[in-house]
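Enquirer: Residue-level listing of the chains:
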Amino acid sequence: MKEFKHVIADPLGMHARPAGMLVKAVAPYASKITITAPTGTADAKRLMALMRLAAKQGMELTVTVDGADEEKAAAELQAFLAANL
Amino acid sequence: MGFFSKLFGKNEEKLNPNHLYAPMAGAAVPVTEVPDPTFAEGMLGNGIAIIPTEGKVCAPCDATVDMMFTTGHAVSLVTEAGAEILIHVGLETVSLEGKPFKVHVASGDKVKKGQLLMEVDLEAVKAAGLNTITPMLVCNSADFNTFNTNVGAAVTNADVVIEIGK
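As you go down the protein sequences, you meet chains A and B in turn. In this text, residue positions in the first sequence follow our numbering: the first is 1450, and each later residue adds one. In this text, residue positions in the second sequence follow our numbering: the first is -5, and each later residue adds one.
No lab work stands behind these hints, which were simulated from the structure alone. Only a predicted model underlies this, so the values are computations on that prediction, with no experimental measurement involved. C-beta: ideal position from N, C-alpha, C; glycine also. Treat the hints with caution; some may be incorrect.
Claimed, not checked - Label-pair restraints from in silico Cβ distances:
1. Glu1520(A) - Glu35(B): 25 to 31 Å
2. Lys106(B) - Asn1533(A): 33 to 39 Å
3. Ala1532(A) - Glu35(B): 15 to 21 Å
4. Gly76(B) - Met1508(A): 27 to 33 Å
5. Lys1521(A) - Ala136(B): 20 to 26 Å
6. Lys1481(A) - Ser101(B): 23 to 29 Å
7. Lys1481(A) - Gly123(B): 37 to 43 Å
8. Ser101(B) - Asp1492(A): 14 to 20 Å
9. Ala1517(A) - Thr150(B): 47 to 53 Å
Using the sequences and the hints, build the whole thing.
Expert: Put into structure tokens, the structure is as follows:
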């Protein structure tokens, strides 16, 4: 299992567009990907769950990636978060 | 019985949980016509969009409010049929930080078809240079085998715009 943290830098936080882009970014991977915010925990492949986190700027996300392609999936997601959130 | 005869039939006492009615009055267009790739490419799910003529956003069916965004610009609902619906009022409206929106329901509320969810000052959105087009998407549209949309130049909350089936 891979785990890393990301603090949200985007002033608008996790709204519909970044949530949709995130789901699209992780969809090709078989690994189970979970994002935990102070507001809750979401399956990164479920758009509604991600939006429900209502994660705001400054909140720390803990991302866990578990599965056969976890190395690649974690690297991709870390790059995605750095670029978009 | 065809789709249209069902649509305009008189037996509306029992709502079909697979029917989603227009959340706003206006023109209903295919989601592919939304000038924003996040919506047009179906990244958030399949659906339609309303070019609204009135600022009232109503429930498209009986549902539970999954999340009312704190900014009031979007709401997600879960229907009795298990559809996860996102209504996103206008494009880029998250940036307005709630100002032109008035919220009438909260996360967790049970709502009836036609119930007022939020109101938006369409003129204020336009004055901010933003598009008022309002996508309504089924985020888990891939979970449904049947997905029909019904667009038209003038729809109201009495018109079915999406029909889904497992």
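Enquirer: Going through the earlier hints one by one, which of them does the structure break, listed in rising order?
Expert: Going through the list in order, the structure violates no hint and respects every one.
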